[in-house]
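Those sequence lines, one after another, are chains R and X. FYI, the working numbering numbers position 188 of the first sequence as 188, with every residue one higher than the one before it. FYI, the working numbering numbers position 250 of the second sequence as 250, with every residue one higher than the one before it.
What the hints contain is simulated information worked out from the structure, not anything from laboratory work. In this text, a Cβ means the ideal position worked out from N, Cα and C, and glycines have one as well. Be aware that one or more of the hints could be misleading.
[To be verified] For lysine-lysine, the following BS3-like pairs were computed, each having C-alpha atoms within a straight-line distance of at most 25 Å: (1) X:K247 x X:K197; (2) R:K46 x X:K29; (3) X:K181 x R:K3; (4) R:K29 x X:K29; (5) X:K181 x R:K143.
[To be verified] Pair by pair, the computed Cβ-Cβ distance ranges are: (6) R:E249 x X:L149: 22 to 32 Å; (7) X:A47 x R:T148: 22 to 32 Å; (8) R:N170 x X:E239: 36 to 46 Å; (9) R:L178 x X:L166: 27 to 37 Å; (10) X:E36 x R:L178: 36 to 46 Å; (11) X:E239 x R:K179: 51 to 61 Å; (12) R:N170 x X:N170: 28 to 38 Å; (13) R:S32 x X:S203: 36 to 46 Å; (14) X:E135 x R:K29: 47 to 57 Å; (15) X:P131 x R:G180: 53 to 63 Å; (16) X:N120 x R:H227: 51 to 61 Å; (17) R:A240 x X:K29: 22 to 32 Å; (18) X:A47 x R:H227: 43 to 53 Å.
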Amino acid sequence: MSKYKLIILRHGEGSWNKENRFYSWVDQKLNSDGLEEAQNCGKQLKALNFEFDLVFTSVPNRFIHTAWLILEELGQEWMPVESSWHLNEHHYGASIGLNWETMALNHDEEQVRIWRRSYNVTLPPTGESHPYCHEIYSDSRYKVCGVTLDQLLRSEILKEVLERLLPYWNERIAPEVLKGKIVVISAHGNSSRALLKRLEGISNEDIINITLPTGVPILLELDKNLHALGPHQFLGDQEAIRVAIKKVEDQGKVKQVKK
Amino acid sequence: MSKYKLIILRHGEGAWNKENRFCSWVDQKLNSDGLEEARNCGRQLKALNFEFDLVFTSVLNRSIHTAWLILEELGQEWVPLESSWRLNERHYGALIGLNREKMALNHGEEQVKVWRRSYNVTPPPIDESHPYYHEIYNDRRYKVCDVALDQLPRSESLKEVLERLLPYWNERIAPEVLKGKTVLISAHGNSSRALLKHLEGISDEDIVNITLPTGVPILLELDENLHAVGPHQFLGDQEAIRAAIKKVEDQGKVKDSKK
Chain R
1 MSKYKLIILR HGEGSWNKEN RFYSWVDQKL NSDGLEEAQN CGKQLKALNF
51 EFDLVFTSVP NRFIHTAWLI LEELGQEWMP VESSWHLNEH HYGASIGLNW
101 ETMALNHDEE QVRIWRRSYN VTLPPTGESH PYCHEIYSDS RYKVCGVTLD
151 QLLRSEILKE VLERLLPYWN ERIAPEVLKG KIVVISAHGN SSRALLKRLE
201 GISNEDIINI TLPTGVPILL ELDKNLHALG PHQFLGDQEA IRVAIKKVED
251 QGKVKQVKK
Chain X
1 MSKYKLIILR HGEGAWNKEN RFCSWVDQKL NSDGLEEARN CGRQLKALNF
51 EFDLVFTSVL NRSIHTAWLI LEELGQEWVP LESSWRLNER HYGALIGLNR
101 EKMALNHGEE QVKVWRRSYN VTPPPIDESH PYYHEIYNDR RYKVCDVALD
151 QLPRSESLKE VLERLLPYWN ERIAPEVLKG KTVLISAHGN SSRALLKHLE
201 GISDEDIVNI TLPTGVPILL ELDENLHAVG PHQFLGDQEA IRAAIKKVED
251 QGKVKDSKK
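Model the full assembly from the supplied sequences, consistent with the hints where possible.
Okay, structure coming up:
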C-alpha cells in the first residue's frame, strides 16, 4: 500500500538539447520550448491538485528555473527549494559539449547508446584544456559544496552518479519523505534514472533501456521503507508522453541524409 | 567600523501600486514595470560584483519573484533562498484593497499619512466579511507558519511589524550575517522600514519620514554588533532614485482635479 509519494522530473529543453549536445554540468539556460514544458508540467500538477512541501534541485540554473516555473503555476512560490550538486547531471567528462550525432557517426549508434546509458562505462575526464572546464570549475557554486573543488568530479559513470547522489537522498531527502512531506525533485535525465534505479531496484542491464521524457512529472509511490510499490508513472496525456520519450531516444540516432 | 554588509530591498510595482491600493497580504503579482525594476536591481548588483550567500524573502510572491529575477541576473539561482511570513508587508487590516486617493478624499491626507506612516497606530482589523479575508487565510502558506493560523495578525502598526519581524532577524538572519555571509533581504516597503529602524536606531517620530523607493538596492553597513555604522545608502543612479522616492511619496496625496 502506497505510503509516500515522490515526484521526480527531468527539466525541459535547452538549446543544446536541440543540437543534441551533451549538456552535463554546463550551465545552459532553458530555451522557449523548455520554459513552456516546465509551465505545462506545473499546469499538469495543478490540475491534479498536487500540493508539495519541499523541492530539491541540482545547481545548474535550468533545474532551478524549471522548479520556479512549476511553483509559479501552482501559486506556491513560497515553497522551500534546496539546490545541491549531488543532484547534478551525469558528468560527461571530455564529451561535454560534443554532439550526439557526430559521436553516433564516428562510433555508431549502439556505442553511443551504451555510453549514454550504461551503468559502468567511463568517459574520459574533463581536462583544463576542455573549452568548458573553467566555466564550470571557476563558478562559485562549486566552491561552497560539501567537497573541495579539486575533489569534485571530472567525469563519471552512471554507477558513480548514484554513489554521490545516494548520501544526499539518505541524509536530506528521505528523512523529509519519511515525515510525510510531499517532495519534488527537479533533476536531469541521468540523475533521475539513477534515483529510480535505486528506488525501483532496476538492474544494471535494464537501466540502459529506461528513457525519461523532458518536462513530464514522474510519480513514484513508495512503501514505508521507501521502496517503490510499482513502476514509475508518467503523469499527463499518455500519447504526448510517448512522443516525448521517442524524441529523447532519437537524439542518439544518425539523421537520414536527404538528397 | 563597518564589518558586515547587508542588502535590503523593496520589491517593484504590482498592479495595485499603480491604483494606489493597499496591497498588504494580498498576493498580487509584480506588473511589467515591477519585473523590469527587479531585473535592473539585479543588473545594478551585478555591476557592483555582489555575490550573495543567502536570500530571505516574505511568503508573498512579489518578493520571491523579485529575488528570483535578481538571482537570475547575477547567475546565482543556486543561492539558498528562505521565505517567511515574518518578512511580509505590514498587515493593513480592513484597509486592504482600498484606494489611497479615495481614503485621502474621505479622511484627509493627514489621516492617510498617519495610517501609512505612524509608528504605533493600528488600522481596524480585517474580518471574515472583507473581500480578501478568505483568499489570504485559506492559503496553505499560512497553515505551515511557526505560529497557528488564528495567531497571525489581522492588522498591524509598524511597531507590530517590527515585533514579529525581530525574532526572525535575531534567530535566522543575524546569525548568518555574523558568520560573514552576504545576505539579501527581498521584502516590502514597511517590513524593510521596520528593519532599518531597528538597525539604524531611527526614532518613532523620524521613521514616518523615511521613504523607500521600489526596486532599488539598499546597502546597510553594520558593525560587529550589527548596528548600522551610518545611514542606509541607495545604490544606483541617484537622480533616478530621487524620482523613485518622490513617486512613492506622491501615492498618498490627493490628485488635483483638473477642470
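The hints, checked one at a time:
1. Restraint check: the Cα-Cα separation between K247 of chain X and K197 of chain X comes to about 22 Å, which is no more than 25 Å; the hinted pair holds.
2. A threshold of 25 Å between alpha carbons decides the hint, and for K46 of chain R with K29 of chain X the separation of about 18 Å falls inside it, so the pair holds.
3. A C-alpha spacing of about 39 Å is found between K181 of chain X and K3 of chain R, which places the hinted pair above 25 Å, so the restraint is violated.
4. Between K29 of chain R and K29 of chain X, the direct Cα distance comes to roughly 24 Å. Compliance with the 25 Å bound is thereby established for this hinted pair.
5. Note on K181 of chain X and K143 of chain R: the hinted pairing holds, with a Cα-Cα distance of about 14 Å set against a maximum of 25 Å.
6. E249 of chain R and L149 of chain X have their C-beta atoms about 49 Å apart, which leaves the hinted 22 to 32 Å range violated.
7. Our hint of 22 to 32 Å for A47 of chain X and T148 of chain R holds, since their Cβ atoms are close to 31 Å apart.
8. At roughly 55 Å, the beta carbons of N170 of chain R and E239 of chain X sit outside the given window of 36 to 46 Å.
9. The supplied range of 27 to 37 Å is met by L178 of chain R and L166 of chain X, whose beta-carbon atoms lie about 34 Å from each other.
10. The given range of 36 to 46 Å is respected by E36 of chain X and L178 of chain R, whose C-beta atoms sit roughly 44 Å from each other.
11. Distance hint check for E239 of chain X and K179 of chain R: the Cβ-Cβ separation is about 52 Å, which falls inside the suggested range of 51 to 61 Å.
12. Our hint of 28 to 38 Å for N170 of chain R and N170 of chain X holds, since their Cβ atoms are close to 33 Å apart.
13. In this structure the hint that S32 of chain R and S203 of chain X lie 36 to 46 Å apart at CB is violated, the actual value being about 52 Å.
14. For E135 of chain X and K29 of chain R, the hinted distance range of 47 to 57 Å is not satisfied, since their beta carbons lie about 34 Å from each other.
15. Roughly 35 Å separates the CB atoms of P131 of chain X and G180 of chain R, a value that falls outside the hinted 53 to 63 Å.
16. Hint check: N120 of chain X to H227 of chain R, Cβ distance near 57 Å, so the stated range 51 to 61 Å holds.
17. Taking the beta carbon of each, A240 of chain R and K29 of chain X are about 29 Å apart, inside 22 to 32 Å as hinted.
18. Separated by about 51 Å at the C-beta atoms, A47 of chain X and H227 of chain R satisfy the suggested range of 43 to 53 Å.
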